[in-house]
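Asker: Sequence:
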Amino acid sequence: MKNKNNLISHTPVIKQYLLIKKKYPNTILFFRMGDFYELFYDDAILVSDILKIVLTNRGYSAGKKVPMAGIPVHVSERYWKKLLNVGKSIAICEQNKKDNFNKKKLINREVVQVITPGTVIEDFFLNNDSDNILGSVWKKKDKFGYAYINVSSGDFYVSEHDTLDSFLSELYRTNPVELLCSDNFTDINSHMNMKISIEYRSVLEFDLESSYRQLILHFNTQNLEGFGLKKDHLGIGSAGCLLQYIKSVQTILLQNIQSIKINSFKKYILLDKISRIHLELTKNVLGGYKNTLSFILNRCMTSMGIRMLKRWIHAPLRDIEIIKNRQNSVKELKNKFIELQFLLKNVSDLERICSRVATFKASPLDLIKMKLTLIEFIKIKNCLKHIQEKNIKKIIDNLGNNKKLISLLESFLNEDPLVSLKSGNVISKGYNKKLDDLKNISKNSLSAIRKFETTEKRKIEVDSLKIGFNKIIGYYVQINKKYESLVPKRYIKIQTLKLYNRYTTLELKDFEKKVMSSKFQVLELENYLYIKLLEEILIYIPSLKNSSKAVSELDVLTNFSERAVRLKYVCPDLTNKIKINLENSRHPVIESLLTHSFIPNSVDLSKKNRMLVITGPNMGGKSTYMRQIGLIVIMAWIGSFVPAEKAIIGNIDQIFTRIGSSDDLSGGKSSFMVEMTETANILNNATSNSLVLIDEIGRGTSINDGLSLAWAVSLYLVKYVQSITLFSTHYFELTKLKNEVKNIKNVFFTTIEYNKKISFLYKLKLGSMNKSYGILIASLSGFPVEVINLAKKKLKEIKLKKKMMNDSVIGYSYNNSFFSFMIKKLNKLKYFFFKKK
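With numbering that gives the first Met the number 0 applied, the sequence shown corresponds to residues 0 to 836, in that order.
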C-alpha cells in the first residue's frame, strides 16, 4: 500500500486502477477485466472478508504484491446486493467496448454507475417490505436540520429539531439505510442503536444559502415559499446536501423528485427512540421482524401496503377526523375483505415501477406488471362501486381512469411476461411496420439457411454437408475431409478441424451480413421505440403515483378489516379528553403466541385517575400489561381496531417508556445510568397529555437511594407533570402515595401460593401486594438448591434485623412521618430540582 501514490513505478493496469479509485475513495471499485470484476488493495481485502471469496494477488506493482479478489460478471449483482445490505457503496468500472480488439493498447475503462444503499431503485437490490430511505443531518450549535428522500417514491421531507432527542426520534421513525452527516457531528454513532451506513460530508455542503439556491434551481421556482419553507429553515441545508449527493452518484434519480414538504410533528403522537425499541413496533429486541406489532397486524397483500402500514405504525396521528374516516372504511370493508384481498394479491409494486419509468430504468417486465395492475384497478373499483363511505370513494377516484394507458401498453408489448429488451422480442406485431419487416428477415433466415443447405447438398452431391454458425467465424459450410475433392472452387476454407473443413461462400457472406444487420436493426429500433414509449408514459406518472398511494391505503384498511374480524378486535371511541378506558384489553402480540386464552385486563385512566402504581411478583404480568396499553393506543391512532371488549382512548401527544435495563458500553454508561438518563428524558419532556410507562425505577442502586428516586419520580409525574402514568414497582412503600395524592390508584397482579409453589393468575385487581417471590422464582429458573437455601437463610436474617430495628434504619418500609417530611422538602425545593410544567 505504501507505494500506491508513486504512480510512475506502477504497472499500466494498476496505475489506471489507482487513478480511477482516487475519484471514488469512499466506494468499493469493481474494475472490469474480461469476464470478471477485479478488486485490488484494501477493497480486495475488505470484500474478500465480507463476501467470503478468495483473496489472492496480481503479481507485483511498484515492487509490492497487489492484493486481489474477483467475482464473475454474470453473477455480480448477487454480490453487490450483499455489500449494499451491510452498508457499502460500490462503483462499477467498465471496459470501453470499442477498445476490445486493439490488443496493443491498454483498454480504456470508466465508472458507469455508482450504487449506494440509499440510492438504489432496482427491485433486485431492494427489500420489498421496507422503505429505502436516504437521510441527511447537520448540526448547528445545539440544533439539527434533517432531510430524507425515498428515491423510489420521490417523497422528500425536511424538519428541524431543537434537541438531540427530537432528532433521534425522527431518525428512528424514518429509519434511513444511508445517512449523510456533517463532519461536525462525528459523535452521532454514540447516540444511536441502529445500523445505518454513515457518509460524513463537509459542513460546507450544508450551507443554507447555497442549498437554498440548489433547491430552487431543481424545482425551477423563484423561491421555496410555495413549499412553506423559509430561508433559515435548518432542513434546507440537509436537503441541499442530499441533492448534491444524488447528483454525484445517480443524477437521473433527481427526475423522480418533484416536491419537498415540511414534516410537522404536531400531527403525530411522538415516540422517542427508546419507546420505539421497548414497544417492538417493527423490530424485536433482537433486530428481527417476528413477534412485533407490525408482524401481528400485517396481512397486507401488496408490498406498497406493507410499507405504508409500517409508516403508520411509526407515526400514529392525532387528527381524530382522519382516524375516524379510516375506522369508517374498516367497518365498510368488513364484508368485502376476502374478495378485495384476492384482487389486491395481483397488484404489483406500482410505486417503484413508476420510479423506474421516471428514471428510464424500467424493464419490459415492469411495464407488463404495470398493465396487469391497472387492469386489476378496474376490478377493484367495480368491487367497491356500491360503497358510499367518503374515504373509500376518495380512494376509488384516486385509482384513476387508466384505459388509455392500458390500451397503449397492450398495443406495444408482447404478451410474454419474460421478455427483455435484449431479446428483440419486446414489441408486439403490428405496432411498427418497419420493425415487422426487419423481424421477418430474421424469422425467415432459418428456412433460407435450410434451403441453401439442401441446394448445396444436391449441387456437390454430399449428403453430410451441414450449414452451421458460431460467434467467432459466423455462418459456415462444414464438409467431411474425405469429400474434399468434391468441394467447388467458389468455397473459401476458413477453418480446419480433425475430421472436417469449414468453408464460406460469397452468397453465404451476403446472407450473413443481411441477417446480422437485420438483427442489429431490430434491437436498435426496439430500443428507440421503447424509450419513446417511456417518454409517453411519463405524463401519466403523477396520477399513477396517486393511484399507488390510494391502493396502498386500501390494502392497509382492508388488512385492518381482516384483522378485526379474525382477531375479534373492537372499534375504539376516540376523544380529545385525557382518557384511556379499556375493558378486558389484551396484548396484541402475546395473545397470538399463546396456545391458551390470554387473560384480559382493564384500565381506567383520566384526569381523576392519572397514575396506576402496579405491584406484584416478577413474571406476574406487569410489563406485559404496560406494553399492551401503549400498543393499543398506537393501534387506535393509526385507524386499527383494538384487542379489547370496549375502548375509549384520548388524544395522547407522546408515549414514553422506561422498561428493562441494559448497559451502554460504547457510551460509557452503566445499566443504572441508562435507566436514569431515560427517566430524565421522560421527566423533562412529558406533558399532561403524555402516556408514561415505567417498569421499575432505582433497582440499580442501594435500597435507600432507589426507593427515594422512585418515590420522587412518581410524585413528580402525577403532581407536577400530571401525565397519564403506569408505574410498576417492587417498592411497596410507593403504594402509600395514594394517601398523599388523590389521582393515584394502587393495583396488583394476583397469584396463588400453595405448598411452597406459586401460580401466576395474570389478573389485575385493586389494591397492592408486598411480595415479589424473588427466591421462589429463582428456584423455578433452575438455581442450585444450595443457593436457594442460602438465600432463604439470609432473608430470615434481614427480616429479623428489620424487626429489631423497628423498620426504620434500612428504609425498606417508610412510615407516614417520613413521607410527610419528604413532601415538605419537595415543595420547598421543587423550583430548584424540577422544571415546573
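For the record, the hints were derived by calculation from the structure and aren't laboratory data. There could be a bad hint or two in this list.
[Unchecked claim] DMTMM-like mimics (lysine to aspartate or glutamate), calculated; alpha carbons at most 20 Å apart, straight line:
1. K718 with E534
2. K333 with E732
3. K81 with E121
4. K392 with E375
5. K470 with D509
6. K370 with D122
7. K393 with E414
8. K370 with E414
9. K246 with E208
10. K481 with E511
11. K421 with E208
12. K139 with D48
13. K606 with E582
14. K481 with D509
15. K370 with E534
16. K737 with E752
17. K531 with D704
18. K567 with D462
19. K142 with D48
20. K548 with E375
21. K323 with E644
22. K442 with E483
23. K718 with E739
24. K402 with D435
25. K744 with E534
26. K798 with E732
27. K380 with D396
28. K402 with E506
Asker: With a cut-off of 20 Å on the C-alpha distance, tell me whether K370 and E414 pass.
Answerer: 11 Å, holds
Asker: Checking one constraint from the list: CA of K380 to CA of D396, max 20 Å. Satisfied?
Answerer: 9 Å, holds
Asker: For K323 and E644, compute the direct alpha-carbon distance and say whether it is at most 20 Å.
Answerer: Status holds; Cα separation ~19 Å.
Asker: Given the hint that K81 pairs with E121, does the C-alpha gap stay at or below 20 Å?
Answerer: 14 Å, holds
Asker: Holds or violated: are the alpha carbons of K798 and E732 at most 20 Å from each other?
Answerer: 16 Å, holds
Asker: Compare the distance between the alpha carbons of K481 and E511 with 20 Å, and conclude whether the hinted pair is satisfied.
Answerer: 27 Å, violated
Asker: Decide if the proposed pair is consistent with the structure: K142 and D48, CA atoms, cutoff 20 Å inclusive.
Answerer: Violated: K142 and D48 sit about 39 Å apart, past 20 Å.
Asker: So if I understand the rule, the pair passes when the alpha-carbon distance is 20 Å or less; does K531 with D704 pass?
Answerer: 74 Å, violated
Asker: Does E506 lie within 20 Å of K402 when you go C-alpha to C-alpha?
Answerer: 50 Å, violated
Asker: For the pair supplied as a hint, K737 and E752, is the alpha-carbon distance within the 20 Å limit?
Answerer: 27 Å, violated
Asker: Would the pair K470 and D509 pass a check requiring their Cα atoms to be no farther apart than 20 Å?
Answerer: Between K470 and D509 the Cα gap is close to 16 Å, so the pair holds against 20 Å.
Asker: Taking only the CA atoms, is the gap from K333 to E732 under or equal to 20 Å?
Answerer: With Cα atoms ~49 Å apart, K333 and E732 exceed 20 Å; violated.
Hints 1, 2, 7, 10, 11, 12, 14, 16, 17, 18, 19, 22, 24, 25 and 28 from the list above are not met by this structure, while the remaining hints are.
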